[in-house]
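> The lines below spell out each chain.
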Amino acid sequence: MSLTSRTLFVGCAIGTFSLYFVLAASLFYFFRTETFFDVLWSQRTLFTVRLSVLAATLATGIAILVAVPSAYALSRYEFPGKRVVDTMLELPMVVSPAALGAMILIFFNNPAGIWIQEHCIQFVFTWYGIVLAQFVTVCGISTRLIKAAMDEIPRRYGEVARTLGASPWTAFCTIDLPLCKRGILAASILTWAKALGEFGATILVAGSMQQRTETLPIAIFLRLSSAEIEATVVLILLLLLIGLCTLYAVRVLTEGKTYA
Amino acid sequence: MLEVESISVQAGPFMVRDVSLHIPAAACHVILGATGSGKTVFLESLIGLRQPVKGVIRINGVDVTHAPVEQRGVGYVPQDLALFPHMTARENILYAQRVRKRVRRDGSLLSSLVESLGIHHILERGVAHLSGGERQRVALARAIFSGSRVLILDEPLSSLHEGLRRELWFVLRDLAQTYRLALLVVTHDLEEAFFLGDEITILLGGRIRQQGEKADVLTKPQSVEVARFMGIRNLFAMENIAAQDDCLIGRCPGLQQILRIRKPTRQSDGSGPNVVKGQSYVGVRPEDVILYRSHPPIETTNLFQGVVMANYETRRNATVLIQPQHSPLRLECSLPMHGARSLELARGDLIHFRLPEDKLFLLEDS
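Same order as they appear, the protein sequences are chains R and Y.
Every number in this note's numbering is 9 more than the matching position in the first sequence, counting from 1.
Every number in this note's numbering is 3 more than the matching position in the second sequence, counting from 1.
Simulated from the structure, these hints should not be mistaken for lab results.
Any given hint could be a false lead.
[Said to hold, decoys possible] To give an idea of the interface, some chain Y residues facing chain R are shown, with a C-beta separation under 7 Å as derived from the structure:
#, residue
1, ALA30
2, LEU52
3, VAL67
4, ALA70
5, HIS89
6, ARG93
7, GLU94
8, TYR98
[To be verified] Counterexamples of contact, computed for chain R against chain Y with all Cβ distances above 12 Å:
#, residue
9, LEU100
10, THR179
11, CYS182
12, ILE198
13, SER235
[Said to hold, decoys possible] Beta-carbon label-pair distances, calculated as ranges:
#, chain 1, residue 1, chain 2, residue 2, range
14, R, GLU161, Y, SER114, 55 to 63 Å
15, Y, VAL59, R, MET97, 36 to 44 Å
16, R, PRO177, Y, HIS191, 25 to 33 Å
17, R, ARG191, Y, SER115, 32 to 40 Å
18, R, LEU74, Y, HIS164, 46 to 54 Å
19, R, MET97, Y, GLY39, 31 to 39 Å
20, Y, SER114, R, LEU250, 55 to 63 Å
21, Y, HIS341, R, PRO177, 27 to 35 Å
22, Y, ALA131, R, ILE125, 32 to 40 Å
23, Y, SER161, R, LEU250, 49 to 57 Å
Where is the CB? At the ideal position from N, CA and C, for every residue including glycine.
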C-alpha cells in the first residue's frame, strides 16, 4: 500500500474520531461544577436514572431469554422460513425507532391490543410501555449478536457431545452455552446500553411524563425543550460515561477467544 | 460388531450409494477415498447425524438405523478432534460419565486407558495447553471411555507430523486389540490405510469401487480408477488378448511389446476381472518392476530394454523413470535405496527391466 493511500485511510479514521471528540468536548462549554452535582443528585435525575436502569435491565433480561434459543435455532437448525425470520430480526436496525413505537401504539388500538390493555397489562403511557418499547427495539439486535457468537462455535462440539451420550438439550447446556457465555454477556451489555439510550419508541408508547415515564433520553429531551442546557449536559455526560464503560466491557469480554 | 447393509445417503445433490461393510471386534476397517468421495457423509449416517435413504445399520446385532445419535453407542473422533475447549483433559474424558443418567464409575477403565495412552501427566491441563499428539490421545480416551466399542475415526491423524502419526498407528492397533474395539478409520493416506486396515474399502464418487482384504486391494486393483487412486502410474492399454495355458498374452501398443500375464484369479470376495475380451489395461506396481544392469543370465518372459530418464532418491527408496525402447511411455520403478545405489544408475543408461507375469494385473476399462 502506498504512503498516500495509507495517509488517506488513517486520516479518515482520525477524522471520524475527531468529529466525536469535538462534539463531546463542546459539552464542556456549558459545564458548571456546581450545577453538575446539583443536577446529578437531584430527586428528578435519581428517579430518571433508577427508572432507566430498571427498565433497560428488565427489557434486556427478557430480550436475552428470547434471543438465546432463537439464536441457537437460527445458528444450528434448518427450518422452513428461516431466511425470512433471519431478515426480520434486522428490522429494528433499519426501521426508525419512532416507526416501531408507532407500530406498537397502532397494535394497542387493534381489538387484540385493546383486549390486552383491558384484561392484562396497561402498556400505553405507563412504565410497562417503556419496557415493551425497549424490548421491541433491542430483541432483534440481541438475537443477531448472540447468533454471531454461536456461529463461531463449531457444530462439531455438539455433535461429538451427542455421540458421548448427551441429549440435544444436555449438549446445548454443557457445550454450546458455556462456550458462548462471553458472547452472550457481551451481547447483553450492548443490548442493555442500546435499551438505556432508546428514545423514539419509548416516547411514543410511554409518553414523556416527568418523573413518571422519564427515562434518561426523555429527560434530555425534556430539559433541552425547557432550555435547561447545563442540566442537559449533565445527563448527556452520564449517558456518555455509561456508553464508554459498556464499550470497554464488551471489548474486554470479546478479546481473543475463538473456538474455530 | 458393526454391520452396514446397503446404506445410501443423500447429501444435497450428492449421494453415497449401497455401501455395505462388516467390522468384527478387535478389527480395523479403513475407508480410503479422495476428497469429496462421500466418506464423511457416510460416517455421518453411521453416527446418526444424517438419516440414510435406505439400508440398515446394526451394532452388536441391534438395528440402530433410526436411533438418535446419543443412543447408538458409536464413538466418534473427528478430524479436528473437537475436544471441548472449556474443559480440562480429564473433564473431556469423563464427559460421557457426566452426561449419562446412569452414572458409571469405572475407575479401572479410566486408569487403564490413561496408562495405555500415556496421558497421566496431562489430565489436569486445559485443552489449549496440549500438543497435537496429546490431543489425539485425549480424544481417543474420551471416545473409548464413553463405553462405545465401535469407534469411528475421520482422518484423525492427518494434521500430525509423520513420526507422531506412525506412533499413533501402533497405539490405535493396540487399543483395538486391548479393548476389543471395532475401528472404522477414514483416511486418504495409503500407507496409513495399509498399516491400520484389516479390510479396506475404496470409496470414489459416492460408490464402493473395491472392497476386500488389504492384500487383495493392494496387489489387485480392480479398475483403472482404483489403480490411479492408489498411485499406480504404470497403466498401459492392452489389445488382442488371448488365453494360453495359465497365462494371457496380449499386445501393449504403448510399450510396443507382447506381454504375458498370469491369468487373474478371483478375489477373496468373488469379484475381480475374468479373462478380458478386447481392449483393457495392464498395470504394474512400481515396486514390482525388476531392473538389471545387463541381460540376466537366464531366459525369462516380459524382459525389455529401456533408457534411464531420471533417478530420484527419496527418504526410503529410489524412483527410477525408464523409457522403454521404441516407446514414448515412461515406466516408473521403485526400488530400495541400497538396490538403486548398487545398480549405479545414471540418466541415459541402457538397462533391462522385467515385468513379472504374476505381478501384472489386468484392469477393466473404466
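> Each hint should be assessed against the structure and marked as holding or not.
Against the structure, the hints come out as follows:
1. Hint status for ALA30 of chain Y relative to chain R: violated, with the closest Cβ pair at about 20 Å, above 7 Å.
2. With its C-beta approaching chain R no nearer than about 6 Å, LEU52 of chain Y sits inside the 7 Å limit, and its interface hint holds.
3. The restraint placing VAL67 of chain Y at the interface with chain R is violated, with a minimum CB-CB distance near 12 Å, outside the 7 Å limit.
4. The interface hint given for ALA70 of chain Y is violated, since its Cβ lies 12 Å from the closest Cβ of chain R, which is over the 7 Å cut-off.
5. Taking 7 Å as the C-beta contact cut-off toward chain R, the hint placing HIS89 of chain Y at the interface holds, the least distance being around 5 Å.
6. The beta carbon of ARG93 of chain Y is not positioned within 7 Å of any beta carbon in chain R (closest approach about 14 Å), and the interface hint is therefore violated.
7. Here the hint on GLU94 of chain Y is broken, as its CB sits about 10 Å from the closest CB of chain R, past 7 Å.
8. Below 7 Å, beta-carbon pairs count as interface contacts, and TYR98 of chain Y has one with chain R at about 5 Å; its hint therefore holds.
9. Even its closest Cβ contact with chain Y, about 31 Å, leaves LEU100 of chain R beyond 12 Å, as expected for a residue assigned away from the interface.
10. Not every C-beta of chain Y lies more than 12 Å from that of THR179 of chain R, the closest at about 5 Å, which undercuts listing it as non-interface.
11. Not every beta carbon of chain Y lies more than 12 Å from that of CYS182 of chain R, the smallest distance being close to 9 Å; the non-interface claim is violated.
12. Listed as outside the interface, ILE198 of chain R is consistent with that label: its C-beta sits roughly 21 Å from the nearest C-beta of chain Y, beyond the 12 Å cut-off.
13. Listed as outside the interface, SER235 of chain R is consistent with that label: its C-beta sits roughly 53 Å from the nearest C-beta of chain Y, beyond the 12 Å cut-off.
14. Range check, GLU161 of chain R to SER114 of chain Y: about 36 Å between beta-carbon atoms, so the 55 to 63 Å window is missed.
15. Checked against the hint of 36 to 44 Å, the C-beta distance between VAL59 of chain Y and MET97 of chain R comes to roughly 43 Å, which is consistent with it.
16. The given range of 25 to 33 Å is respected by PRO177 of chain R and HIS191 of chain Y, whose C-beta atoms sit roughly 32 Å from each other.
17. The supplied range of 32 to 40 Å is met by ARG191 of chain R and SER115 of chain Y, whose beta-carbon atoms lie about 37 Å from each other.
18. A beta carbon spacing of about 48 Å between LEU74 of chain R and HIS164 of chain Y agrees with the range 46 to 54 Å that was offered as a hint.
19. Restraint check, MET97 of chain R to GLY39 of chain Y: a C-beta distance of roughly 36 Å satisfies the suggested window 31 to 39 Å.
20. The hint said 55 to 63 Å for the Cβ distance between SER114 of chain Y and LEU250 of chain R, and at roughly 56 Å that hint holds.
21. In this structure the supplied range 27 to 35 Å is violated for HIS341 of chain Y paired with PRO177 of chain R, their Cβ-Cβ distance being about 59 Å.
22. Look at ALA131 of chain Y against ILE125 of chain R: about 50 Å separates their beta carbons, and that is not inside 32 to 40 Å.
23. One distance hint, 49 to 57 Å for the beta-carbon pair SER161 of chain Y and LEU250 of chain R, holds here, with the actual separation near 52 Å.
The structure fails hints 1, 3, 4, 6, 7, 10, 11, 14, 21 and 22 (numbered hints given earlier, in ascending order).
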